[in-house]
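Residue numbers (my numbering), protein chains in the order written: chain A, 391 to 605; chain B, 391 to 605.
By construction, these hints were calculated from the structure, which means they are not laboratory data. Treat the hints with care, as some may be off.
Put simply, identical chains are the same to the list, so a pair is met inside one copy or across any two.
What the hints assert, rightly or not - Taking lysine to aspartate or glutamate and the EDC-like style, the derived pairs with C-alpha atoms no more than 20 Å apart in a straight line are:
no., residue 1, residue 2
1, 402, 557
2, 447, 406
3, 535, 481
4, 536, 526
5, 525, 468
6, 414, 507
7, 527, 472
8, 599, 481
9, 447, 507
10, 447, 422
11, 447, 517
12, 535, 432
Since this is a predicted model, take the numbers as computed values, not measurements.
Protein chains: 2
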Amino acid sequence: MPTKVANPASGKKSKDAVVHSALKLFNMGGYDGTSVRAIATDAGVNIALVSYYFGGKQGLLEYLMASFFEGYLASLEDAQHETARQASAADQLVMIAEQLIRYQQRYFYLSRFVHREMTLDNQLVRELMSSYLMKEKFLLERVFKKVFDGRNLNPVQIEFAIIQYRDMVIMPFLQPQYLRKVFFMQPSEPSFCTQYVRYIRDWADQVTKGCQKQK
Amino acid sequence: MPTKVANPASGKKSKDAVVHSALKLFNMGGYDGTSVRAIATDAGVNIALVSYYFGGKQGLLEYLMASFFEGYLASLEDAQHETARQASAADQLVMIAEQLIRYQQRYFYLSRFVHREMTLDNQLVRELMSSYLMKEKFLLERVFKKVFDGRNLNPVQIEFAIIQYRDMVIMPFLQPQYLRKVFFMQPSEPSFCTQYVRYIRDWADQVTKGCQKQK
Numbered sequence: 391m392p393t394k395v396a397n398p399a400s401g402k403k404s405k406d407a408v409v410h411s412a413l414k415l416f417n418m419g420g421y422d423g424t425s426v427r428a429i430a431t432d433a434g435v436n437i438a439l440v441s442y443y444f445g446g447k448q449g450l451l452e453y454l455m456a457s458f459f460e461g462y463l464a465s466l467e468d469a470q471h472e473t474a475r476q477a478s479a480a481d482q483l484v485m486i487a488e489q490l491i492r493y494q495q496r497y498f499y500l501s502r503f504v505h506r507e508m509t510l511d512n513q514l515v516r517e518l519m520s521s522y523l524m525k526e527k528f529l530l531e532r533v534f535k536k537v538f539d540g541r542n543l544n545p546v547q548i549e550f551a552i553i554q555y556r557d558m559v560i561m562p563f564l565q566p567q568y569l570r571k572v573f574f575m576q577p578s579e580p581s582f583c584t585q586y587v588r589y590i591r592d593w594a595d596q597v598t599k600g601c602q603k604q605k
Numbered sequence: 391m392p393t394k395v396a397n398p399a400s401g402k403k404s405k406d407a408v409v410h411s412a413l414k415l416f417n418m419g420g421y422d423g424t425s426v427r428a429i430a431t432d433a434g435v436n437i438a439l440v441s442y443y444f445g446g447k448q449g450l451l452e453y454l455m456a457s458f459f460e461g462y463l464a465s466l467e468d469a470q471h472e473t474a475r476q477a478s479a480a481d482q483l484v485m486i487a488e489q490l491i492r493y494q495q496r497y498f499y500l501s502r503f504v505h506r507e508m509t510l511d512n513q514l515v516r517e518l519m520s521s522y523l524m525k526e527k528f529l530l531e532r533v534f535k536k537v538f539d540g541r542n543l544n545p546v547q548i549e550f551a552i553i554q555y556r557d558m559v560i561m562p563f564l565q566p567q568y569l570r571k572v573f574f575m576q577p578s579e580p581s582f583c584t585q586y587v588r589y590i591r592d593w594a595d596q597v598t599k600g601c602q603k604q605k
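If we strip away everything but chain A, and leave its shape as in the complex, we get:
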C-alpha cells in the first residue's frame, strides 16, 4: 500500500501528489493547521479531487495511517517469516528490527507523521490501536515467546520487553529531531540504521542470553 504514497509513477499521479503534499504540509503546520485547499493548491489539483479520492481531510488522514500500518505489519510478518528458521532468537529479533527500521526510513515523513498522530487520544487512534497495534503486539509476542522459551519470566516482564523493543524500533522516527539536535545522529541516513541495529543486537544478546534477572 505505501507504494501509493511514495511512487508517483503508479498511474495515479494526482492521487500521489495529494498524498505527497498532505504529508509535507501536515508535518510543517500540523493536521489541524492545514486546510484541504492548501493541500490541493500545493498538489496542483482541483480541490474536488481530494474529496473524490479520500472523502475529505479525515479520509485522507485515515488513508495515511492505514497505509503506514499495512506496510509496517507486512514488513513485520515478512521478516518474521524469513527469519523463522534462524537458529538464534536474538538473530530473529535483530533482523526483524532492521526490516522495520528500513521500512520507516523508506517512508520517513509518513512514519514520523503517523507516530506523532498516534500520541493523540481520539477515536481514530483508539481504533488503530485496537486493530493494527494489537496485531503488532500479537506478532511480537510470538517471537518473544521463542526468545524466553523455557525461562521462568512473569508475563509482565515479557510485556515490558516487548514494549522496550517496539520503543527502540519506533523512537528514531517519532523523535528524529531529538537524535539530530542532541546526539548529532541522522535517523534518515542508511548509516544510522547500521549503527542502531548493532546496538539492538547488544540488547537482544543480553535479553536472550539470560542476563535478564528472573523473579
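Following the hints, position chain B against chain A.
What follows is chain B alone, placed relative to chain A:
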C-alpha cells in the same frame, strides 16, 4: 516552578486557572486547535489576563514547556545528588528513573503535553533541546560514565544506552494511551511506577553487570 501548574492554592488562583484550562484544552484539541478565548472562558477569567500573565498563547506555551523542564531537571539533579554515594551504579540509575517517573506522574497532563510538543520541529523546540535536553544529556552522561567506568565501550554505545534509558523514562508519558489500550497498563497510577521501576532495575543490572557486549 511546576507547583504553579498544579497547586491552585499558591495565591495566584487566576494564573493557575489559566494554566489548568490551557493544559486541558491543549490536550483535548491540540495547541493549534485551541484559542486564547476558549482558555479564558474555561478558566473563568477575562481574556486580557492571559496576555497580562503570559503575553499571549505562545508565551503560555513557553511557560508550560519551561515549567516542566525546570522541575524535571531539578528532580534529576536532586536524585543524582541524593544517590551519588550509593555503592552501586545500577542503584543510582534506578533511583533516578524512579524520581523522574514520579515527577511525571505528579504532572501527568503537563508531561504528556510537553513530550508531545517536543516531537514537533520548530524554533521553540530547537531552543528547548539546545538548552534543557542538552543539560539532561550532560547530567545523564555523568551517571553513565560511572556505570561504564573501566569498561571499554565506544562513545556511541554509551550514547545509545543514554538514549534508551531516557526513552524508558519518557515513553509512558509520551504514549500513555498505547500502554493503556494495548497492554492495559495505567501509567498515571502509583502501582505502574512500582512495576516499571522493577523492570528498569532488570535493565540496569544487565547494563552494569557487563552483559553488554563490548566491541
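Going back to the hint list, which numbers does this structure go against? 1 and 12
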